[in-house]
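Colleague: For reference, the chains in residue letters:
2 protein chains.
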Amino acid sequence: MTKEDIQLDRIKFDDYKKKIISAEEAANLIPNKAVVGASGFTKAGDSKSVLPAFAQRAAKEDVAISLITGASLGQTTDADLAANHALIRRMPFQADAVLRKSINNSEVKYVDQHLSETIEQLQCGHIAPVEFAIIEASHIDENGFIYPTTSIGNSAYFAAAADKIIIEINTQVPTSFSGIHDNCVPSKYPNREIIPIQTVKDRIGENFIRLDPSKVIGVVFTNILDTPAQLSEPDVKTTAISKNLLKFFVEEIEKGALTKSLLPLQAGIGKVANAVLTGFIDGPFENLTMYSEVLQDSTFDLFDSGKMTFASGSSITVTEDCYHRIIDNFETYKDKLILRPQNISNAPEVIRRLGIIAINTAIEFDIYGNVNSTHIGGNKMMNGIGGSGDFARNAYLSIFVTQAASKNNNSISHVLPMVSHVDHTEHDVDVLVTDQGLADLRGLSPRERAEVIIENCVHPDYKNEIRDYYERAKEKGGHTPHILEEAFNFHIRYSETGSMKPQQEK
Amino acid sequence: MTKEDIQLDRIKFDDYKKKIISAEEAANLIPNKAVVGASGFTKAGDSKSVLPAFAQRAAKEDVAISLITGASLGQTTDADLAANHALIRRMPFQADAVLRKSINNSEVKYVDQHLSETIEQLQCGHIAPVEFAIIEASHIDENGFIYPTTSIGNSAYFAAAADKIIIEINTQVPTSFSGIHDNCVPSKYPNREIIPIQTVKDRIGENFIRLDPSKVIGVVFTNILDTPAQLSEPDVKTTAISKNLLKFFVEEIEKGALTKSLLPLQAGIGKVANAVLTGFIDGPFENLTMYSEVLQDSTFDLFDSGKMTFASGSSITVTEDCYHRIIDNFETYKDKLILRPQNISNAPEVIRRLGIIAINTAIEFDIYGNVNSTHIGGNKMMNGIGGSGDFARNAYLSIFVTQAASKNNNSISHVLPMVSHVDHTEHDVDVLVTDQGLADLRGLSPRERAEVIIENCVHPDYKNEIRDYYERAKEKGGHTPHILEEAFNFHIRYSETGSMKPQQEK
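Chains as they are written, first to last, in this note's numbering: chain A, 1283 to 1788; chain B, 1283 to 1788.
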């Protein structure tokens, strides 16, 4: 088939064939100041041509949009949009260095949301409605309905809510990559329905995204792979974190609190979470399942090892090797996978019902178990809270992992007297893990937590000073002893000297 | 009937008649160091004789227990237990000055939990199991099952989980006070069921608490009313808070975001929440409903005014006048009420499904919308988080109210650069209200939030200094501008001088 034949073969709804346009033409259809809802969740299934074309348009023309996605985008899209001043507002998540700079200098208004809540807030009218949707699809059926690719995110809602829709058909994704999607849109208050998911395998929606074809104003073809995940090899610290956590699970099994299947796993994105999940391959685990947001390489390694039987998520974000492994062997994985909208993958209702074991990465945590997932130095946004709060609050076990200390000569301690920003409160954190050890906080009062966190999790270079803080704070009394005059001394010292260590030790 | 006849008439299960004992005898059956689960939720339906008798026993004997309740207790029970060193651990809530002192000097290990989560943590084995239960009931049926009184709290779970049970029959509560309870116990993981509540009126359990009669080791009679709620008359500030919030609801109705029935209301305990609810009587509202924890006088005033049609909670905590109004007119209220276990009244699943409007009281909040509900000065526990987190996280609207400033000469500002303890993060707070005004934070970035909070909510005596902090923090940049060196200056000044105002202004 010619390129054109291949393209037309992906559109079974004739009316759309007249609407095929270029990415540039599509980008020109986006009204200035529009609220745009775009597919894409941690680099998977994002708009690879239209949003980049809009960034190029903004380089030449004074136009900007408010952009809502599932989560972060691939390529350099967020960077290019930010660099060209094309973003008014951005939500609910991002992970790009250029955009981050624009957020931190207040050029872009970033609204950092629990990933389950964007649809809630849109549907309730708490935030301005999505006018314009851009959704990546693999193909279009006879009804004009679209088949999503490697993520669902908020796409089903955007398609239902937007007045105008651009479909971006990615011919890199085979049309056979289908059957794993489960799309639905929640009913409005006061008639919200039960989410009838009782196991990780339960399907409640449709494989395609339903939409009103008259809203489709353009179909754009692209042929670009998802930006691959960059997974660095586990290092000494991530391996130690993984071992500490796996030992905990083995002990929970030994004491009868969990079976060898544990309970459905959720894991945040990144190398620590990936190392922990990969570690399950060698342990006494069997018939593991996931109910998570992002399915990474480790999920497919667990399938291949026979340790995992099913995984539910909102996106597949993997390395290029793993991507081809999935596509080439799709029939073997197909029955073990579901991709869901993020208001379902991250639904508090389902997370509590299934009893999820949630493993997420902290930027820093404090001696009482409060966790900072978003800010550096109390004021600078890093990436955003993502789904960590959706899971941590409602999980069977809420686990946060981080290195005890990092950077040159361990100049940053990630365990501190007080976190400089709280994303997960002491009420919502069960287990903390660093390369130094693990603190099981369940059922402990704040002072008991401080003892076990300082003893088990703090890097040796900081242990004396943090213990000294805690001992002196106790003299002032209180349920949660603190010395407010000194609570941020580590952060202040870092901002002044580039190290959290006292000057003589640097 | 004689007193004895009246008592025996309340026990339809003959085996228990042999088990009638005194409160002192029952207190002597509680093993030293036992984990005791006791009924009682915000002073309603608590153990009025056995726990007080245990406190007396502890005055003479070296015994102590870990005590888990629904929420706070009535009479001076928590105070007497604390004063007599009878508590090892206490959870999930308390509101007593004497106990608070013991918590803050670390004599009692207090675990401050989301009220929905105590049963979760017990059932998962995260905390030590309940061995001994003490549950207030109005009567006992032919199967030995018990009928709770003015609260349910965690009682149904305690009865199912404990090895030994003392039933405390309160003859002050008429046996006709029945039919409004809806008891159930969640199934264990991995077979947790859907909570099939789709409207505030839905019943999913049984009117009685099921238990194994062989576990009942004593039946104690009491004849003591619930400690009445003390409701002070609305003052200038609570009235202003109420007016500001009611104006917001009227505007939401006018713009079509809500109907005159709003959505089911939850309100925290206390005079501000009560004033707000009472304020609904005079507004353009109709067919209001509640899905809350504590039903206060205002609920019954709303019934009587015809403005409210149904209320679901976990306890009825009212003034003595209102208590008698309910008992004397029970038939008129009976079909409008359900009392539920607190893992159901506060279930994240149900709160999000019903779309609750949650109104809770803050101790303080900061310019970015973080809320402190528990600690004074960063270290001293006040009462606990209660159910505010269960509701705030999952509500349709999460609203926090407080006075802009309080105490002599408004020496305490309740709006601050940074809260000294975070219980509800910026991600979970939609609307903040003080007597000065209302800040609608929906969809705003942190800097936008700061502008509206400083402009609308801060007391005039503190406005210049807080604005100055914010303006100087902005010069340092960041998504959430802060000056960590000064973030707690208000708290530090208060602890040093007794006022948050600079010395010259005191």
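Check the hints yourself; a few may be wrong.
Intra- or inter-copy, both count: the list cannot distinguish identical chains.
Dumping the calculated DMTMM-like pairs for lysine to aspartate or glutamate here, alpha-carbon to alpha-carbon at most 20 Å [to be verified]:
1. 1299 / 1423
2. 1470 / 1484
3. 1299 / 1344
4. 1301 / 1494
5. 1618 / 1517
6. 1758 / 1389
7. 1758 / 1778
8. 1470 / 1534
9. 1537 / 1286
10. 1616 / 1750
11. 1470 / 1747
12. 1299 / 1767
13. 1756 / 1610
14. 1537 / 1378
15. 1483 / 1733
16. 1529 / 1568
Since the hints were derived computationally from the structure, they do not count as laboratory data.
Colleague: Within a copy, between copies, both or neither: where do residue 1299 and residue 1423 come within 20 Å Cα-Cα?
Modeller: within (12 Å within a copy, 72 Å between copies)
Colleague: Measure nothing new, just compare the shortest in-copy and cross-copy C-alpha distances for residue 1758 and residue 1778 to 20 Å and report within, between, both or neither.
Modeller: Classified as between: cross-chain Cα gap 13 Å, same-chain 28 Å, threshold 20 Å.
Colleague: Which holds for residue 1299 with residue 1344 at a C-alpha limit of 20 Å: within a copy, between copies, both or neither?
Modeller: neither (31 Å within a copy, 85 Å between copies)
Colleague: At most 20 Å between alpha carbons: which applies to residue 1616 and residue 1750, within, between, both or neither?
Modeller: So residue 1616 and residue 1750 fail the 20 Å test inside a copy (55 Å) and across (58 Å) alike.
Colleague: Is it within, between, both, or neither for residue 1758 and residue 1389, if the alpha carbons may be no more than 20 Å apart?
Modeller: Intra 43 Å, inter 15 Å, cutoff 20 Å: inter-copy only.
Colleague: Checking an output row: residue 1470 and residue 1747, CA cutoff 20 Å. Within, between, both or neither?
Modeller: neither (53 Å within a copy, 43 Å between copies)
Colleague: At most 20 Å between CA atoms: does that hold for residue 1301 and residue 1494 within a copy, between copies, both, or neither?
Modeller: Cα proximity of residue 1301 and residue 1494: one copy only (15 Å, versus 70 Å across).
Colleague: Checking an output row: residue 1470 and residue 1534, CA cutoff 20 Å. Within, between, both or neither?
Modeller: between (41 Å within a copy, 16 Å between copies)
Colleague: If the cutoff is 20 Å on CA atoms, where do residue 1537 and residue 1286 land: within, between, both or neither? Let me know, please.
Modeller: Neither: 62 Å inside a chain and 49 Å across chains, both beyond 20 Å.
Colleague: How do residue 1537 and residue 1378 come out at 20 Å by Cα distance, when the copy is not named: within, between, both, or neither?
Modeller: The answer is neither: 43 Å in one copy and 37 Å across copies each exceed 20 Å.
Colleague: Between copies, within a copy, both or neither: which fits residue 1529 and residue 1568 at Cα up to 20 Å?
Modeller: Cα proximity of residue 1529 and residue 1568: one copy only (16 Å, versus 57 Å across).
Colleague: Have a look at residue 1299 and residue 1767 and pick one of within, between, both or neither, based on CA distance no larger than 20 Å.
Modeller: neither (67 Å within a copy, 62 Å between copies)
The structure shown violates the earlier hints numbered 3, 5, 9, 10, 11, 12, 13, 14 and 15.
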